[in-house]
Amino acid sequence: MPIPVLMPALSPTMTEGKLAKWHVKVGDAVKAGQVICEIETDKATMEVEAVDDGTVARILIEEGIEGVKVNTPILVLAAEGESVADAAKAAPAAVAPAAEAPKAEAPAAAKAAPVAAAAPVSAAPAAEPEWTGKTTHMTVREALRDAMAEEMRRDGSVFLMGEEVAQYQGAYKVSQGLLEEFGAKRVIDTPITEHGFAGLGVGAAFGGLKPIVEFMTFNFAMQAMDQIINSAAKTHYMSGGQMTSPIVFRGPNGAAARVGAQHSQCYASWYAHVPGLRVLAPWSAADAKGLLKAAIRDPNPVIFLENEILYGQSFDVPEDPDFVLPIGRAKIERPGKDVTITAFSIMVGKALAAAEELAKQGIDAEVINLRSLRPFDTETIVNSVKKTNRLVSVEEGWAFAGIGSELAAQMMEQAFDWLDAPVKRVHGADVPLPYAANLEKMALPQPGNIVEAAREVCNR
Amino acid sequence: MAKPATKPKVEPSPAKPTASTKPPGTGDNSVTADQLKSFYHDMLLIRRFEERAGQLYGMGLIGGFCHLYIGQEAVVVGMQSTVKLGDAIITSYRDHGHMLAAGMDPKGVMAELTGRASGYSKGKGGSMHMFSREKHFYGGHGIVGAQVPIGTGLAFAHKYNGKDNVSLTYFGDGSANQGQVYEAMNMAALWKLPAVYIIENNRYGMGTSVERASAVTELYRHGESFGIPGERVDGMDVVAVKAAGEKAVEHARNGGPYILEMQTYRYRGHSMSDPAKYRTKEEVDKYRNERDPIDHVRKTLLDEKMTDEAALKAVDAEMRKIVNDAAEFAQHSPEPDPSELWADVLVGA
Numbered sequence: 005m006p007i008p009v010l011m012p013a014l015s016p017t018m019t020e021g022k023l024a025k026w027h028v029k030v031g032d033a034v035k036a037g038q039v040i041c042e043i044e045t046d047k048a049t050m051e052v053e054a055v056d057d058g059t060v061a062r063i064l065i066e067e068g069i070e071g072v073k074v075n076t077p078i079l080v081l082a083a084e085g086e087s088v089a090d091a092a093k094a095a096p097a098a099v100a101p102a103a104e105a106p107k108a109e110a111p112a113a114a115k116a117a118p119v120a121a122a123a124p125v126s127a128a129p130a131a132e133p134e135w136t137g138k139t140t141h142m143t144v145r146e147a148l149r150d151a152m153a154e155e156m157r158r159d160g161s162v163f164l165m166g167e168e169v170a171q172y173q174g175a176y177k178v179s180q181g182l183l184e185e186f187g188a189k190r191v192i193d194t195p196i197t198e199h200g201f202a203g204l205g206v207g208a209a210f211g212g213l214k215p216i217v218e219f220m221t222f223n224f225a226m227q228a229m230d231q232i233i234n235s236a237a238k239t240h241y242m243s244g245g246q247m248t249s250p251i252v253f254r255g256p257n258g259a260a261a262r263v264g265a266q267h268s269q270c271y272a273s274w275y276a277h278v279p280g281l282r283v284l285a286p287w288s289a290a291d292a293k294g295l296l297k298a299a300i301r302d303p304n305p306v307i308f309l310e311n312e313i314l315y316g317q318s319f320d321v322p323e324d325p326d327f328v329l330p331i332g333r334a335k336i337e338r339p340g341k342d343v344t345i346t347a348f349s350i351m352v353g354k355a356l357a358a359a360e361e362l363a364k365q366g367i368d369a370e371v372i373n374l375r376s377l378r379p380f381d382t383e384t385i386v387n388s389v390k391k392t393n394r395l396v397s398v399e400e401g402w403a404f405a406g407i408g409s410e411l412a413a414q415m416m417e418q419a420f421d422w423l424d425a426p427v428k429r430v431h432g433a434d435v436p437l438p439y440a441a442n443l444e445k446m447a448l449p450q451p452g453n454i455v456e457a458a459r460e461v462c463n464r
Numbered sequence: 046m047a048k049p050a051t052k053p054k055v056e057p058s059p060a061k062p063t064a065s066t067k068p069p070g071t072g073d074n075s076v077t078a079d080q081l082k083s084f085y086h087d088m089l090l091i092r093r094f095e096e097r098a099g100q101l102y103g104m105g106l107i108g109g110f111c112h113l114y115i116g117q118e119a120v121v122v123g124m125q126s127t128v129k130l131g132d133a134i135i136t137s138y139r140d141h142g143h144m145l146a147a148g149m150d151p152k153g154v155m156a157e158l159t160g161r162a163s164g165y166s167k168g169k170g171g172s173m174h175m176f177s178r179e180k181h182f183y184g185g186h187g188i189v190g191a192q193v194p195i196g197t198g199l200a201f202a203h204k205y206n207g208k209d210n211v212s213l214t215y216f217g218d219g220s221a222n223q224g225q226v227y228e229a230m231n232m233a234a235l236w237k238l239p240a241v242y243i244i245e246n247n248r249y250g251m252g253t254s255v256e257r258a259s260a261v262t263e264l265y266r267h268g269e270s271f272g273i274p275g276e277r278v279d280g281m282d283v284v285a286v287k288a289a290g291e292k293a294v295e296h297a298r299n300g301g302p303y304i305l306e307m308q309t310y311r312y313r314g315h316s317m318s319d320p321a322k323y324r325t326k327e328e329v330d331k332y333r334n335e336r337d338p339i340d341h342v343r344k345t346l347l348d349e350k351m352t353d354e355a356a357l358k359a360v361d362a363e364m365r366k367i368v369n370d371a372a373e374f375a376q377h378s379p380e381p382d383p384s385e386l387w388a389d390v391l392v393g394a
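Protein sequence lines correspond, in order, to chains H and A. Take the first sequence: its letters are residues 5 to 464, numbered as in the numbering used here. Take the second sequence: its letters are residues 46 to 394, numbered as in the numbering used here.
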């Protein structure tokens, strides 16, 4: 069989090119790998190599022809033992300069698959059971520690790594006592190399372990973001479901107190943007314990956004050893009928304080603790808006492309007819967080700002 | 200059980076006829597969980026002869050769290249993103250097689980300048992880030569500040690779990382769309004509009368058939079902 050589695509976007120069002529013996011609594209002139051995039987596209479509036959090789004359006869007619190059049919692979119009609606997460048993009053810090300790007792493949998590007992004392209980094999101090240890954690997860990677703060995780997103979040999909990375990235997120712009940033919307991640932001100690346990058990990469100021705050936590919260469920912290206020992490406390103040002014606010930012519990918020017809979104981070922006868009799509006022966003000032006490306070949402926003949407 | 056909020697390291560096050449330089024939077979499979991939790319059946391994076959084939069941392999985006050497099915690899449902990633990963849990092949990574911390994490998992497996992390001379590579090496040395780092120095990170990118061009010395022993190996000589690999793998299995700098050469451009104007044709031809790893083994097999022309021709025909079948399969497999667009974003969701 004569071997046709087709006009090759030399880049992902090339559709046609110029046959700039032939390096072979009829009768030449050609070896695989030998340069046979030069082709000029809009970007470069490239050499084309033969793929098969053979003898040049016929040149179909002469030198100098432009606009030769990809996949057009350009040359015919006689295979080993074949006569050049026979092979030439079998070839299609040659194209001389100035003639239009024959149009090659687009290969089947180039045809786009039909794209479904919208993502399928994912199954609703399990509802949260009522936890009615005994509770213990404990700090968020203790709740996080207990969640890790319980999961490490339950599953030998769970380990904790990060800066100062072992001997120092945690930069914020969240891992207190874990080294003593689980030993240096499972509670591991890392060098200060976020990019490296985040990637190492992803590799350990690919290898079957369940790492908890603590970032001293999420500000430093920016150095590790490539591994979190490109390696942890995308690989399950890119591998067609073969590879999993059951890993938790946790640590304090957002502003602490007067630590300046580089140490005070909310990353909620950054991570919530990414398919393949789960993003959780607990407020209370019960959230912290129930969600961290769920995060460690989840087979996906989870971003777990804590808050330094909340670490020392105390809440009631169910004592039930099976206490775990569902991922993807918001919680109504305070029922109300006049306005819905959504918040996450430390802003839940501010929203509740605002609700108390609003009650004094005769406005009954419903406060929703979002807890899970991806997946996002749109259903609970829509149901609340159907009741209150007004919505205020509170977040500590910047407004532009923030969680509040996403929430507003979702309400436009799913609750438009129930809204009596535009959704109002309360958020951090659109500046790098300043150091001065007065300026910092002005830059972060305060209960007063929330009260003001709620009154505005209630026309009061 | 062509290398001598028999008993190739590992090139001695000009400097001994650390006291723990063993004298060079303590790996097994001997090779049986069967081993050599198997190397020939495996390298030829990669060569023919890559040539066909280039051809399918030219036909528009493979899209996007496609980085061919032609010229570098001896590195992965020699290294794979030194591993045992359960050892992990991870590499960059120039990964087709590694997958074939790891025993992955050429049909599944080629079908992934053409973006079909029967590809290793169901058509959703492409050339740079393929995996096989069964063959302990962990990708296929598109971000330069990102596979190095991940490969180190695989070594960490082996150690954590008390297994005596190692991880082989392949990366190029370009990656060798990435910060995360050194972060990973530090932890591997600190925690004595069973990691072998194989730097495939093909002399160009895309279009930039090693001399223009690395202050210290002896890449095997790049672990010195962490006390990681390293050596430079003739990566065009599969037997030299095997000998050095055995030593490195044994070192890692006993606890602690090791660096092998494979001096190799890619014949094709960085990717299919690279005209490769940064090097001379003479340079490429010199490697092709004088240093080709497959020709080298072929010559040894014939000179030493381990086989004959007819037998080698049969191997060639067999490889062509495997590759033809793979190409046929890859062109005729269906595209992924539209429902695949939404599948596998999360586990269990």
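By construction, these hints were calculated from the structure, which means they are not laboratory data. Being a predicted model, the structure only gives us computed values, none of them experimental. Mixed in with the good hints, there may be bad ones.
As the list claims (entries may be wrong) - Below, a list of computed lysine to any residue pairs in the SDA-like style, where the Cα atoms sit at most 25 Å apart:
no. : chain 1 : residue 1 : chain 2 : residue 2
1   : H       : Lys364    : H       : Lys390
2   : A       : Lys358    : A       : Asn369
3   : H       : Lys445    : H       : Tyr176
4   : A       : Lys344    : A       : His86
5   : H       : Lys22     : A       : Asp150
6   : H       : Lys35     : H       : Asp57
7   : A       : Lys358    : A       : Lys204
8   : H       : Lys73     : A       : Gly108
9   : H       : Lys341    : H       : Arg429
10  : A       : Lys326    : H       : Glu67
11  : H       : Lys35     : A       : Thr352
12  : A       : Lys331    : H       : Ala48
13  : H       : Lys335    : H       : Gly264
14  : A       : Lys204    : H       : Asp57
15  : A       : Lys358    : H       : Lys22
16  : H       : Lys47     : A       : Tyr323
17  : H       : Lys35     : A       : Ser318
To be verified - Here are some chain A residues the structure puts well away from chain H; computed CB gaps all over 10 Å:
no. : residue
18  : Ser126
19  : His203
20  : Asn222
21  : Leu347
22  : Leu357
Cβ coordinates follow ideal geometry from the N, Cα and C atoms, glycine included.
Structure versus earlier hints, numbers of those that do not hold, lowest first: 5, 7, 13, 14, 15, 19
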